[in-house]
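> Numbering (our numbering), first residue to last: 1 to 136.
Think of the hints as simulated: they come from the structure by calculation, not from any bench.
C-beta: ideal position from N, C-alpha, C; glycine also.
Quick list of simulated restraints, FRET-style, between CB atoms:
| hint | residue 1 | residue 2 | range |
| --- | --- | --- | --- |
| 1 | S55 | P9 | 33 to 43 angstroms |
| 2 | V37 | D94 | 34 to 44 angstroms |
| 3 | R128 | R45 | 16 to 26 angstroms |
| 4 | R77 | S56 | 15 to 25 angstroms |
| 5 | S110 | A42 | 32 to 42 angstroms |
| 6 | A42 | P111 | 35 to 45 angstroms |
| 7 | S55 | D94 | 41 to 51 angstroms |
| 8 | A39 | V93 | 32 to 42 angstroms |
| 9 | P9 | S110 | 28 to 38 angstroms |
| 10 | A73 | V93 | 17 to 27 angstroms |
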Amino acid sequence: MQSVEAVVPRDPDACWRAFTDPSTLAAWVPGLRRSRVIATDAAGRPQEILFEFGSSSTYSLVYTYDHAAREVAWQPRTGKHDAVAGFARFERVDGGTRVIYALKQGDGRSPAEKALGDLDALIAAFVRFVADEKRR
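Please build the complete structure, drawing on both the sequences and the hints.
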């Protein structure tokens with residue numbers, strides 16, 4: 001699994017909320033056409049989300065949360081061949097939050113879908129999204 005890091009000029013809780021809000025995923029995840037929460041956990045957080053990604057991929061991811069460590073992880077449930085697995089962690093640093101984003105793409109993804117799932121592009125899109133949220 002590969003990972004990237006970036007520092008966001010926002011506090012960790014703001015980054016955590018932005019990352020774990022399924023209603024905003026399509027605003028910053030390149031190639032995501034649609035997402036729908038299938039199940040929630042006892043705390044009301046998304047436990048399983050169905051994704052429509054790229055030109056034709058559909059898969060669901062199951063999420064686990066460690067709020068104390070500010071880490072969220074995901075694994076595929078359906079459509080594993082086209083899905084992704086990974087985690088994101090949010091650490092307080094001087095000037096904001098270090099975001100560590102790790103991802104393993106499914107072997108069935110097309111070259112175009114793999115390009116959309118490029119880690120550098122994903123982290124840059126998230127940083128832009130969170131920075132824009134601050135201005136709203």
